[in-house]
Amino acid sequence: MGRITLDKVTKKFGDVEVIPPLDLTINDGEFVVFVGPSGCGKSTLLRLIAGLEDVTDGEIRIDGKPATDLPPAKRGLAMVFQSYALYPHMSVRKNIAFPMKMAGMPEDEQKRRIENAARALNLTDYLDRRPGQLSGGQRQRVAIGRAIVREPAAFLFDEPLSNLDAALRVGMRMEISELHKKLDTTMIYVTHDQVEAMTMADKIVVLRAGNIEQVGSPLELYRNPRNTFVAGFIGSPKMNLIEGAEAKKHDAATIGVRPEHIDVSASEGAWKGRIGVAEHLGSDTFFHVHDTGLAETLTIRAGGEVDLHHGDTVFLTPQADKIHRFDGQGLRIS
Amino acid sequence: MARAVSTRRKAGYTIAAWIIGLAIFFPILWTIVTSFKTEAEAISSPPSFMFFQWTTENYSTVMERSNYFRHFWNSVVISLGSTVLGLIIAIPAAWSMAFVPAKHTKNVLMWMLSTKMLPPVGVLIPIYLIFRDVGLLDTKTGLVIVLTLINLPIIVWMLYTYFKEIPGEILEASRMDGASLRDEIIYVLTPMAVPGIASTLLLNVILAWNEAFWTLNLTAAKAAPLTAFIASYSSPEGLFYAKLSAASTMAIAPILILGWFSQKQLVRGLTFGAVK
Chain A
1 MGRITLDKVT KKFGDVEVIP PLDLTINDGE FVVFVGPSGC GKSTLLRLIA
51 GLEDVTDGEI RIDGKPATDL PPAKRGLAMV FQSYALYPHM SVRKNIAFPM
101 KMAGMPEDEQ KRRIENAARA LNLTDYLDRR PGQLSGGQRQ RVAIGRAIVR
151 EPAAFLFDEP LSNLDAALRV GMRMEISELH KKLDTTMIYV THDQVEAMTM
201 ADKIVVLRAG NIEQVGSPLE LYRNPRNTFV AGFIGSPKMN LIEGAEAKKH
251 DAATIGVRPE HIDVSASEGA WKGRIGVAEH LGSDTFFHVH DTGLAETLTI
301 RAGGEVDLHH GDTVFLTPQA DKIHRFDGQG LRIS
Chain U
1 MARAVSTRRK AGYTIAAWII GLAIFFPILW TIVTSFKTEA EAISSPPSFM
51 FFQWTTENYS TVMERSNYFR HFWNSVVISL GSTVLGLIIA IPAAWSMAFV
101 PAKHTKNVLM WMLSTKMLPP VGVLIPIYLI FRDVGLLDTK TGLVIVLTLI
151 NLPIIVWMLY TYFKEIPGEI LEASRMDGAS LRDEIIYVLT PMAVPGIAST
201 LLLNVILAWN EAFWTLNLTA AKAAPLTAFI ASYSSPEGLF YAKLSAASTM
251 AIAPILILGW FSQKQLVRGL TFGAVK
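Here the protein sequences come in this chain order: A and U. Here the first sequence is numbered in full-length UniProt numbering, starting from 1 and rising by one per residue. Here the second sequence is numbered in full-length UniProt numbering, starting from 1 and rising by one per residue.
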């Protein structure tokens, strides 16, 4: 079981309030991603849940039991760190065994769990090596192995993939997702990468300056961003935000259109502009369009190959039902 | 970055380095050489360096006249004892300063270092009187305590520097893994800091071995280490250079050998963190 409830949790470092009173419920078995720009407090929030930082005010409950004042070890949570944080002087086997040794688990049970974890994570051949002799991806798997043998109430991941190269990152992303499906244990995952958030999460928590901007499933956030911040943060490339006269036409202070919701044509359309950079990827083509009079740059995503290039004049038409409207405070108008 | 250095310049530097090295080592070399001379030869002027009647007579006289092994044993107990006791106190102290620093941690560190700037003779009388009243004069226990206190700032400082190099996330990971503070220090921090702890240990054994002020002033016969053993040859019956040199050679030989074999470890420890 791993239901985690935060009740008006507050964190101050000295006089600086990094987490204003915050309420959040994470249900058992959920994969929750905390996402936000750097410095938004997502890692601090995770460390508060882990018990590595003390809560200034408010309460944390794990499975209904108060955990605010429990030391990290007593919370039944396991954490995977960005730097992997393996014990460099211990073999892989001893690294994985460490939490079980600390819990005083019988040796044969430790052995059984180490073997199971090693098999699941493809580490069987590396059990007697030191972390220094492993690649980044293998180290990350050892860190995950060390977390799963404890059978924790929940896993906490602090930007676990940011030290890996791009190709490995995609692979590990899928491994973690699969692990979640297999174990069905609550996972809380911190990242600044909205692609990771979109692909892995059951529920995304978007944070800015310690405040929760929106909580929802990836597609809810994509379809109905609650404000301009979430609109700009979720989705890649970013949503185009347009202010001024064009927004007024839609009775809004700002309108937003995602790059994939703008049709592009060489002959006719609602807006006219000139292509700055054209990125031809084969599967998609991205245009950065200037001189539209709406915003400095509009980003357009066209499917497949489109024969338009730098300097060409283009016509753009937003899909009418895909226009997001926001008021003067940046809040969504529904 | 590689710089073009001419062979001649290289040779010049090499010669200069050897000269400086020999100049530093010369007093020790001279002591060792003198210890093999007769007393008459030792005070002859001009002194002979290599061409004299080599003799080991001084060594047998010294061994006959005083109990070298008792002094040696006292030195071993005092230097190792004070270093180990110092480490037991300093490891948790350095842990807390490195990983859970408070507002004034830096000041505490500076204050600890400042105690090393006080001339020891300034506290000789109070310490002597305290030791007399509690019966610690001329005891190994007393010297272990004093030398621990004297070297503690250095031990804490060195360990603090090493501990600062250890990523805090690893200690946090151990906390998440259920380690108590004791487990964390014993199973994670200490093994990771072994190179640093080893060089701290070595350096402090050497410092304690060579410490002469307190060991001379607080001992008489029972707890006297090798420093007192050397001193005993310097005054009472006039100066006997050859015997004094023999005693000195015997006193410094163990630590010289220890230093020689551990120099790599020492250098690595002392430059830890300075070079990656």
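Rather than coming from a laboratory, the hints here were simulated on the basis of the structure. Source: prediction; values computed, not measured. Possibly wrong hints are sitting among the right ones.
Stated by the list, open to error - No farther apart than 25 angstroms at their CA atoms in a straight line, the calculated lysine-lysine pairs in the PhoX-like style are these:
1) A:K238 / A:K249
2) U:K264 / A:K12
3) A:K182 / A:K111
4) A:K12 / U:K10
Here is what the structure says about each hint:
The hinted pair formed by K238 (chain A) and K249 (chain A) meets the criterion: a straight-line CA distance of about 22 angstroms does not exceed 25 angstroms. At most 25 angstroms may separate the alpha-carbon atoms for a hinted pair to count; K264 (chain U) and K12 (chain A) exceed this at roughly 47 angstroms. With a C-alpha separation of about 21 angstroms, the suggested pair K182 (chain A) and K111 (chain A) falls inside the 25 angstroms cut-off, and the hint holds. Distance restraint check for K12 (chain A) and K10 (chain U): the Cα-Cα separation of roughly 59 angstroms exceeds the 25 angstroms cut-off, and the hinted pair is therefore not satisfied.
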